[in-house]
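Please take these sequences and the hints and turn them into a complete structure.
Each chain, written out:
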Amino acid sequence: MPFMQNIYAAGTPYTLTIFNAPVTFGTTSPRVTFRAANGTRIILARVVIDLSGAMFADGEVISIYLRRTNHTPADVPNSLTNFQLGIWTPEQSLSDAVVEIPPIEYTLSGTPGDVVKLYASIDDIPHDYDMYGEVSIREASIIVKN
Amino acid sequence: MPLRQRAYATGTPYVLTNTPAQVQFGTTSPIITFIRANGKLIVLARAVVNFVNAVMSTERNITLKLRRTNHTAADIPNSSTVIKVGVSTSGQSMTGAVVELPPVEVTLSGTSGDVVELWASIDSLPDSGDIVIKEASIVSEL
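Chains as they are written, first to last, in the numbering used here: chain A, 230 to 375; chain B, 6 to 147.
No lab work stands behind these hints: they were computed from the structure. Do not take every clue at face value.
Over the 10 Å line for every Cβ pair with chain B, so calculated as not near, a few chain A residues [stated by the list, open to error]:
id, residue
1, Ser258
2, Leu273
3, Ser281
4, His300
5, Pro306
6, Leu309
7, Ala326
8, Leu337
To give an idea of the interface, some chain B residues facing chain A are shown, with a C-beta separation under 10 Å as derived from the structure [claimed, not checked]:
id, residue
9, Lys89
10, Val90
11, Val92
12, Val103
13, Val104
14, Val120
15, Pro131
16, Asp132
What you are looking at is a predicted structure, and each value in this text was computed from that prediction instead of being measured. For each residue, glycine too, the CB sits at the ideal point set by N, CA and C.
Okay, here's the thing in structure tokens:
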């Protein structure tokens, strides 16, 4: 059975902030719009987090989840995953992290056109005294099946 | 979605090179030969990348992808992922990486027997030591 929808993000990567916000790429962002009003769908979502430019004085936590942004906006239950980062040391830089959110069975709202987006945040921006950097999401996808 | 075609690699792990190539294990490699000729199938692939005393003075990029190697060979669209690996100057052990490739919908070529393989490469070899793919799998519908 083929996917119903498959969204692969493209364009400029998304830089994480301390605010929960939709992951927005320069060209195509990870979001799906459901045509049907009722039923359930399986959703798989995946990101690659680029940590290479960041300095951390303390372990930070990245949160990633799905959120319906219309028809009574709400986080998609059970979709949240929290990913803890280590402390940066001068001897090593951090490798990318591939993170899959938990597979979800999403129940449509009853109105056609549900919009579900990938959201993310970091609990503190990277810093180490006077050194700063960024944490970005460089790849992202959302896959939907019946 | 029953996953009826499966390949779980076994045997000697694959050592990455700086040339894109099939991930070959000592006994069983991650390859699927599709029985059907037509249609669209979901394919999921996964690899575990380990660092064996790898010293890298600069960051490296590892690329993993799926590739059909017959019936007009071509990379599978949207299957590629690039993982940036951090600097390791001491050769101390680095944490391995579990890498799930993006799930993809593969459109069969129209001729039965499409062969889809896991391919990998690194943009520059480590200064010393190895980077290996220690586990790999490809699963698909029938």
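Original post:
Going by Cβ atoms only, is B/Asp132 closer than 10 Å to chain A?
Top reply: violated, 14 Å
Original post:
Going by Cβ atoms only, is B/Val120 closer than 10 Å to chain A?
Top reply: Violated, about 20 Å.
**OP:** With 10 Å as the threshold, tell me whether A/Leu273 passes as away from chain B on beta-carbon distances.
**Re:** Answer for A/Leu273: violated, closest chain B Cβ roughly 6 Å.
Original post:
Hey, does the B/Pro131 contact hint survive, CB to chain A under 10 Å?
Top reply: violated, 13 Å
Original post:
Is the shortest C-beta separation between B/Lys89 and chain A less than 10 Å?
Top reply: holds, 5 Å
**OP:** Report holds or violated for the interface hint on B/Val103, using the least CB-CB distance to chain A and a cut-off of 10 Å.
**Re:** Where the cut-off is 10 Å and the nearest Cβ of chain A is about 7 Å from B/Val103, the hint holds.
**OP:** With 10 Å as the threshold, tell me whether A/Pro306 passes as away from chain B on beta-carbon distances.
**Re:** A/Pro306 is indeed farther than 10 Å from all Cβ atoms of chain B, at 21 Å.
Subject >> Beyond 10 Å from every chain B Cβ - status for A/Leu309 >> reply: The claim holds: A/Leu309 sits with its nearest Cβ about 18 Å from chain B, beyond 10 Å.
Subject >> Given hint B/Val90 near chain A, where the shortest CB pair must fall under 10 Å >> reply: holds, 5 Å
Subject >> Claimed clearance of chain B by A/Ala326, with the beta carbon kept past 10 Å >> reply: violated, 8 Å
**OP:** Would you assess whether A/Leu337, listed as outside the interface, keeps its beta-carbon beyond 10 Å of every beta-carbon in chain B?
**Re:** Correct as stated: the minimum Cβ-Cβ distance to chain B is 19 Å, above 10 Å.
Original post:
Does the nearest C-beta of chain A fall within a distance shorter than 10 Å of the C-beta of B/Val92?
Top reply: Holds - the Cβ of B/Val92 comes within 10 Å of chain A, reaching about 5 Å at its closest.
Comparing the model with each numbered hint stated earlier shows that hints 2, 3, 7, 14, 15 and 16 do not hold.
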